[in-house]
Amino acid sequence: MTPVTQVLGVLGWVVITLAVLQTIWLIFQPCFKRCSRAERRATDLLRDTLTPQQFRQLTWRGYLEIPSPTEPQRVYRVPRSKGYVQVIENGHMIMRLCLQPVELLPDPDIVVMHKLMIEANEELYLQKANKYLCID
Amino acid sequence: MLRVMSRRGDDRVVWDVQKALTGDPEAMAAIREAERIFAQERAKGATPFRVEPGKPVERIDQFDVTAEQIVMVPRVVGG
Chain A
1 MTPVTQVLGV
11 LGWVVITLAV
21 LQTIWLIFQP
31 CFKRCSRAER
41 RATDLLRDTL
51 TPQQFRQLTW
61 RGYLEIPSPT
71 EPQRVYRVPR
81 SKGYVQVIEN
91 GHMIMRLCLQ
101 PVELLPDPDI
111 VVMHKLMIEA
121 NEELYLQKAN
131 KYLCID
Chain B
1 MLRVMSRRGD
11 DRVVWDVQKA
21 LTGDPEAMAA
31 IREAERIFAQ
41 ERAKGATPFR
51 VEPGKPVERI
61 DQFDVTAEQI
71 VMVPRVVGG
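Taken in order, these protein sequences are the chains called A and B.
Residues 1 to 136 in the working numbering are what the first sequence lists, from first letter to last.
Residues 1 to 79 in the working numbering are what the second sequence lists, from first letter to last.
Same shape as in the complex, but just chain B:
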């Protein structure tokens, strides 16, 4: 799942890797959409983190289709 923080709370894109591996068009489309949003938010300066229960939080640079959850934080500045 990709979660992008925004003023609306967070926008989510959910995909099923197993279905995508079997060629399910809906799952493939969801992954493409998640990749597109990931690239778009990166271009705006957002930082992506892989967040999985029981594992340390990890900052990532590339979209990872196998990640259970990716959270994107908008660009931050010192206040």
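Extracted from the complex, chain A is given alone in its bound form:
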């Protein structure tokens, strides 16, 4: 075996090892995040703020639906992790909203933030958010 072949072999194993480690990280990253103290505390606040049904919906479907306090046919779909809030009217997405805190917050706190703002003052929430209209 020539030295070049040996080096290529080692490099091949390094690449394979890195790929395996990355896959493992991607699989277990959510668990690590949930285990951090900040995430735990934020999850406590989330659990205290949501009803058991809402918490189940967020866990299993990956989003929380918040009915509009002013428009009966409108629902805000808040994702569990970072992303746009979808505005659904009569079953159709009409726009996406982007609103974020100036300070870095754990994901569960972001969900609580959207819920409190929508339920307490929907008009102000809509004023502050950047809107991206969906055109069919």
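If you are wondering where the hints come from, they were derived from the structure by calculation, not from laboratory data.
Keep in mind that the hints are not guaranteed to be accurate.
[Unchecked claim] Calculated cross-link-like contacts (lysine to aspartate or glutamate; reagent style DMTMM-like; alpha-carbon spacing at most 25 Å):
| hint | chain 1 | residue 1 | chain 2 | residue 2 |
| --- | --- | --- | --- | --- |
| 1 | B | Lys44 | A | Glu123 |
| 2 | A | Lys82 | A | Glu65 |
| 3 | B | Lys19 | B | Asp64 |
| 4 | B | Lys55 | B | Asp24 |
| 5 | A | Lys82 | B | Asp11 |
| 6 | A | Lys128 | A | Glu103 |
| 7 | B | Lys44 | A | Glu71 |
| 8 | B | Lys44 | A | Glu65 |
| 9 | B | Lys19 | A | Glu65 |
| 10 | B | Lys44 | A | Glu122 |
| 11 | B | Lys19 | A | Glu71 |
| 12 | B | Lys55 | A | Glu103 |
| 13 | B | Lys19 | A | Glu123 |
| 14 | B | Lys44 | A | Asp107 |
| 15 | B | Lys44 | A | Glu103 |
| 16 | A | Lys128 | B | Glu58 |
| 17 | A | Lys128 | B | Asp61 |
| 18 | B | Lys19 | A | Glu122 |
Once you have looked at the hints, place chain B on chain A.
Here is chain B on its own, set in the frame of chain A:
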């Protein structure tokens, strides 16, 4: 209880209104501390909400010692 959202999850200050009414120094100190944090976060642009089970969420402007739970959300901007 006052809960202030932060990168650490949330920071909490807990007080007992009943004890404060009887003049308990520890409860009074907790209320003073909560009021101080409330004012400090307001000055930074945070929004306070009164969150109580079975009641609609309410945005408040003044510290309410009788609130079961006040949650403070940091200043937000359109993304």
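Non-conforming hints, listed in increasing numerical order: Hint check: 4, 7, 8, 9, 11, 12, 13, 18 fail, others pass.
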